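Engineer: Start from chain S and add chains L, X and A according to the hints.
Number of protein chains: 4
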Amino acid sequence: MGIKTREEYLERLKKMRKNVYIDGKLVDRTDARLKPGQNIIGVTYDCANDPNFEDICTATSHLTGEKINRFCHIHQSKEDLLIKQKMTRLLCHRTGGCIQRCMGIDAMNALSVVTYEMDQALGTDHYERFEKYLRYFQREDICANCAQTDVKGDRLKRPHEQEDPDLYLRIVESRDDGIIVRGAKVHNTVAPYADEIIAVPTRFMTENDSDYAVAFAVPADHEGVKLVVRPATQYKRVKLHAPIAELGDAESFTIFDDVFIPKERVFMNGKADPRQTPYAGFLALLFAHYHRHSYTGCKPAISEVLASAAALVAEYNGIENTKHVRSKLSHMIGTAELVYAAGESSAHHAERSASGTYIPDEILTNAGRRLAGEEIYNEYKILADLAGGLAATLPLEKDFFSEETGRLLNKYMKRNPKISSEDVHRCFRMIENALVSDLAGVMQVAGLHGGGSPQMETITMMARYDLEPLKDIAKYLAGIKKELGRYERPTVTPRKMLERFREMYGRLKE
Amino acid sequence: MGIKTREEYLERLKKMRKNVYIDGKLVDRTDARLKPGQNIIGVTYDCANDPNFEDICTATSHLTGEKINRFCHIHQSKEDLLIKQKMTRLLCHRTGGCIQRCMGIDAMNALSVVTYEMDQALGTDHYERFEKYLRYFQREDICANCAQTDVKGDRLKRPHEQEDPDLYLRIVESRDDGIIVRGAKVHNTVAPYADEIIAVPTRFMTENDSDYAVAFAVPADHEGVKLVVRPATQYKRVKLHAPIAELGDAESFTIFDDVFIPKERVFMNGKADPRQTPYAGFLALLFAHYHRHSYTGCKPAISEVLASAAALVAEYNGIENTKHVRSKLSHMIGTAELVYAAGESSAHHAERSASGTYIPDEILTNAGRRLAGEEIYNEYKILADLAGGLAATLPLEKDFFSEETGRLLNKYMKRNPKISSEDVHRCFRMIENALVSDLAGVMQVAGLHGGGSPQMETITMMARYDLEPLKDIAKYLAGIKKELGRYERPTVTPRKMLERFREMYGRLKE
Amino acid sequence: MGIKTREEYLERLKKMRKNVYIDGKLVDRTDARLKPGQNIIGVTYDCANDPNFEDICTATSHLTGEKINRFCHIHQSKEDLLIKQKMTRLLCHRTGGCIQRCMGIDAMNALSVVTYEMDQALGTDHYERFEKYLRYFQREDICANCAQTDVKGDRLKRPHEQEDPDLYLRIVESRDDGIIVRGAKVHNTVAPYADEIIAVPTRFMTENDSDYAVAFAVPADHEGVKLVVRPATQYKRVKLHAPIAELGDAESFTIFDDVFIPKERVFMNGKADPRQTPYAGFLALLFAHYHRHSYTGCKPAISEVLASAAALVAEYNGIENTKHVRSKLSHMIGTAELVYAAGESSAHHAERSASGTYIPDEILTNAGRRLAGEEIYNEYKILADLAGGLAATLPLEKDFFSEETGRLLNKYMKRNPKISSEDVHRCFRMIENALVSDLAGVMQVAGLHGGGSPQMETITMMARYDLEPLKDIAKYLAGIKKELGRYERPTVTPRKMLERFREMYGRLKE
Amino acid sequence: MGIKTREEYLERLKKMRKNVYIDGKLVDRTDARLKPGQNIIGVTYDCANDPNFEDICTATSHLTGEKINRFCHIHQSKEDLLIKQKMTRLLCHRTGGCIQRCMGIDAMNALSVVTYEMDQALGTDHYERFEKYLRYFQREDICANCAQTDVKGDRLKRPHEQEDPDLYLRIVESRDDGIIVRGAKVHNTVAPYADEIIAVPTRFMTENDSDYAVAFAVPADHEGVKLVVRPATQYKRVKLHAPIAELGDAESFTIFDDVFIPKERVFMNGKADPRQTPYAGFLALLFAHYHRHSYTGCKPAISEVLASAAALVAEYNGIENTKHVRSKLSHMIGTAELVYAAGESSAHHAERSASGTYIPDEILTNAGRRLAGEEIYNEYKILADLAGGLAATLPLEKDFFSEETGRLLNKYMKRNPKISSEDVHRCFRMIENALVSDLAGVMQVAGLHGGGSPQMETITMMARYDLEPLKDIAKYLAGIKKELGRYERPTVTPRKMLERFREMYGRLKE
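Protein chains in written order, with the numbering used here: chain S, 804 to 1313; chain L, 804 to 1313; chain X, 804 to 1313; chain A, 804 to 1313.
The shape of chain S in the complex, shown without the other chains (with noise of 0.2 angstroms):
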């Protein structure tokens, strides 16, 4: 059956190699700083197992036509690329933010758009091998992670202008049964405890950088793979249990030192085939892509977390009311719809690959999506604001319950006299979690540069949209062109994206 469970998850991760490196130690799987991670994985299985949930967290696998786990599902459909937003959205409600696990299922979308196009063009055979890799993945309901942003060195130059040649990874040799791969790649959120890992390039690359197009498959635990790992911490609860307190993040810095990769995991390689270079980019793009419109599902839902608990603080408070209380939580609750509306517009504009993969619009994800990062720190300032300084000047958990303070600190938190101190002890410590936590700047920094900041979407964007026929309109107006025809937005397809990257290689070239 192709849906695991959360046990099965994590019986795998205690057979791994040990090779996660934490604060100068090694230390196993089941290090009790990477159990955070865990318990957000785990409601991926869970959900999946869950028939209130099937609906959206399960699909039916085009290869096999069984039921599968839908982080493993490839887009067949519009609809599928909403269900998953939806997906996203609800479970992220459920881990009160990051879900983490879309990083998998964005990188096999992309790679079966970019190896399909690469054997169609250059008569290769990535897609086969890819889909025996699919067949798999969804049989063992594999949680993967995806590498993509390279250390970069000295961010003026290319990867080949480096002095040290090894701040992009890259493949050091290209033998008859695999590669052997070099370098690091850092902000690989789920790392640590993924089955596997899927390598894929950070940026366009061109010519003289063929030895950096690369991308490939490999178990976490792999001989040379290194996890050099942070793990994002809060105070330890002792008595006040709640879900908050149990779910987290760690990130990896992971090392590739001297890797060998088999073939049948290796979906792409410039240093034996120079012609597979140019499709780095188009790669490069596209897991961005796919990853931007989960943002569009995630970052609503992250919105609403924090909505949420200001309005509940606001109600504690008792100033749930107050016009600029509902005027705030209304701002929050309209960027979530907002970025949310940008997602499912994208899946209704998405446009079929030749591999059957759909592809979500591009303008209107990297619109949604910047949007999301625009305001992130905004959101956070919000539920500051309505929450007030207690957030950050809480006493801690066991003052609560020692004999000496835990009385009179019950008493002088009391405030609606309808809402016990324990709830309203729950609600601040909830918060304190939540905006004055090392895991609160980690999601901060998240919501703003995952997926790509703002930034890097105006850049994309503009990159997609064609002004010229915009200006058109100005010009039809002043009267400087005559007519004015049916202005079609750009949408962007598969096929679009495609001759523009080539386009933009052969600019490269000269």
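Intra- or inter-copy, both count: the list cannot distinguish identical chains.
Taking lysine-lysine pairs in the DSSO-like style, the calculated list, with each CA pair at most 30 angstroms apart, reads:
#1 K1214 - K955
#2 K1221 - K1126
#3 K1201 - K1039
#4 K1214 - K828
#5 K1039 - K821
#6 K1066 - K821
#7 K1285 - K1214
#8 K1284 - K1221
#9 K828 - K838
Hints are computed from structural coordinates only; laboratory data are not their basis.
Here the structure is a predicted model, which means the values were calculated and not measured.
Structural biologist: Okay, now just chains L, X and A, sitting in the frame of chain S:
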């Protein structure tokens, strides 16, 4: 045939009784100051007759099966809502802004829902009357104004509490053959060159306000109707003709000086039948709602018109490719996309009312309209920013054609040598129209207030949005509530709206 | 006596040679379209003669010891800068916006510094000439325009690189008795009713641009000077007279069609003496700097004028005490206070130049002016928000006085019963002028661009602000640098500006 | 001598009674979690003893003529206010944020004004007592917390209306030799390592609240005082020592469990003498006012600290000179300058109270503090934006020094070849501390709420700002009022504040 031409429309205007006042004079509808507005309405007839726009500017009447102008159509499906939104966007590109005629279609759709609901609940026959009127409306391709906003007097008092009872439009007498109404409606775009005026209430009405629960349609030149009109102006061009200079707006302060409305044109009468009073608010809301959904079509177009001018002048100024310019253009484009997406999602989540008319989602529509309203002044700022001061200091037209200064001005207007001085002149002349004319000011205010200001959308959103299920997310994460179901973001249905409205009415009664 | 009256000023205008062109016609300076601007300048004469304003609107000439109009004064102390700022704020309240005459005082102060520095470095005698001119300027209480902005042609090319060399104002011939100049200057507020035009460079000039390093003063009606003028318009009032309707603006596109400037009025001549070329940029910057400091006086006043209208209409609309209204008013007031404070602090940190003239702090002045520019469109938005749509749909004046509609309109304008319909009418008529007139558009653009757009202030600030000492703070906190001295935020001194400027020029030479 | 050393301060702390609770344990003041805060206070002693800072960090006591730490000084002039502001800015650069000790100086200055006014009006002897306490305060160079914010229970009820009367600090018994107080104060920065706690009221008190009109000073380890403390945490560093890692904050939830305050330390007692009750609000306001003025010193420093980190990481990331980066840095710098300018202007417009103490201008101070609060989250966003994701995903410290991963991490951290990996590491480690630590969250919340949130500043501003003279501007321009005098923007004077306050109290009585 149900589709008329621009000429037929203009012919009808010529035949109307003189009841338009401009600056102290009674004028007929061929007054030059009304021409710019008529040119805009003309586009709605032209495009319905243009094969290039036929698929979006015409529809099939659900009553007769005949092809009609889409501006006379009652939305029978989500698709209808999507096409109406698209039509609005496209036509607004051609008119450089507000298409003006959406008022009619929005009022008719709202009436189709409310009259049907009233009949079902009260056993009245309003829907039959409405349908008869609709047949006429579709057959004659009627251009209608919707008169909603009352002058309102003291804002802190309800209609019946005003010192002068006429400060909201009211039924002064209800007779067997019709009603006599008195009062005034303001902000009546299109009224001075519309065929018909459709009056609807501006707010909820309490039991004591039943005289004010009134809706009807009346020919715009009906006995007793006085249209006191403010035409927006621009410098008249003499040689440098261009569409932007021919398009414009005139607003009516419409006085109903004891006007008799025959029974077949009365769609609500709280005076005769106080049971109808609660439906006043429902109709007020529903017209506003359809109108805001129309704004998700026109507002993106307005952003695009401003962005098109900004992109063109940036090109002419030679700064088109600088980062800050692209970032600003991208912001405008992003706003357009997000507002449009909100309208699209709203259509996709629309529900069918009992009458068969589709109603878009309220939360999404309001979130979209609000963003547009919040951004409008900023968009003017961006255009002014990229155009530079010349938009405000450009010599007048004839100086460019005079012997003494023409040659010199053209010499000094030259920028990029590839672009003619005339085109530069045309570009800045258009931007002058857009930024520093009386009309520009009207467009800014309309962009903020038209269909309801952001303040109103916030109130509407929060009236519809149920915070309790939202708070459950926080309660679950904080451990206050043990379970979290599948969060369903409140999708408004006509039925829910009606229920809430009735409930509200119930509360008002107490 | 050095203080003239409004009448004397107007008399002078009458005597001037006809060289003003409006819409293809040569007109004299009594043209009605120039009256609104003259009314504004008139205030600067009235107040200097008004005992109530004497302490701020007059000063003591450092040359003659006589009492002069402060608009002719060279700042001899920080106090002078503070009083000038205060004068600007107060007079702008009376003119409903831009006082227009600051251009002259700003140009004169800049010239006083730069001519002195030039003489000191180059042994020239510009300061003597300037002083002689200044004596005349003070004695006659001269109203001057400063013509700075060139038409600039292709923005990507320097003056000498343009296809047409005249696209920056240049010296076409330098003779013993003076120079002949050709070119055009734009955005010349006040020029059509100023006594004199003072021309200064618009940017840095490189060695190859020495023909463009030119500064001089010329009577506004001088042979060869052509003023092509765009007067901003509003509906003319017939009965409802009010100051706002009598005040306005006219902008000149000023063409220098081979104009001879006698030597005693030439303050910079790079053609004859290329050593003067570097001072072109210094003068450009310094005029802009004084002008921006003036904006820290006028912009707060403009915010206050808009806030005053917003507060009044909020009162008339009965919403004055709602939270959101007070919050919006408070935002406008806060902006005014912050911009004014920036100017005050800038004056307190001013330094004395070698000539004795005081120069305010650059960072603070630019930070203040920038905030004003960033906020201007938002302030119009707030006023529109609180006024409601009526500002854009108000019937024209005569309809309020006509027999057929006057009584009805006044009936329906009634709001708070304690406020007369006429006052309500006056209030909305004023807001119509402020929001939806041609002049309103000009004021918006001027609010953004006048004295340099926010973009320009950012560039200036960052050119002056040394990031290295700032980074030392981070280096200290990070442990990269062991010590942290007393951080001195770069206070600009005239000397530093000059040094930096020379250094910049050095780089340009390479 | 009145200036103590860091060592003397720390010695005093060691001798204090144990009454600090952290996470359920009673700890003494040498607890490691209190060290970071003490390191900050230490800077205030170091700098007063450092010849480089002597001119700003010391003052001359107006009581004794001796040199004292400026943190113990009562402002005798505008200059004193300006130097205090400067001191705050400079010291906050060294502490990477909040200097914490301003609470004491602000409370003392407020008390100096209010006790004097009370005595004058009521014939009491509070000022004498205060002066005696002040002598001790200056002689011993006391570090004091000011405990203002009550827990407040049900926000919709006044103190005496609460179900539990202790939810505001109150006098439970007034005796000849002193008072007994009960209640709790929150957000008490510095309290766990302060010598003294000064308690002041949190709001206006009505007649029925006279038991709550209380102010006093008490040693922080006094019998009955319980400090329940939340120390903010960061990852502890082992090798990469840096100031930022040694500095921090601890907040106290301070419980007064029936504490006896001897008479000579009581500065207000509404229970014994209800005539003092009105002064509770005056003291609440005045402490807040001085504290907000201090924020015009610290907030610019915080903006600069964040900007310094942003500038440094931009340099290390090689993007320092891109337009958008400079524009973002410029925005932060501009905010710092504007807030500082508001404080300076406020000092220049300060007025002398009857006691001789200077009080800065309220409108300006609030406008400045508000801008800082509105911008704080945005400033974190900019830093996160320029730093990139690595701030949130940086491996932990020991991994950089371990054998297995140290070399590899340093290899892959390399960016600009001229900058060592260690410096890059140091830079990102600092930014991690600043952005994604528990302490970072506390700093954000403090930046928003400390001294009062923007909401509070808006309320204060509008309570002081008289809209009527402002409206006169509009009335004059509209022709509603014939004359316009010299508009004087309301400059608050202590006397006016007091009068307004008394008037307010008068209203409350009714």
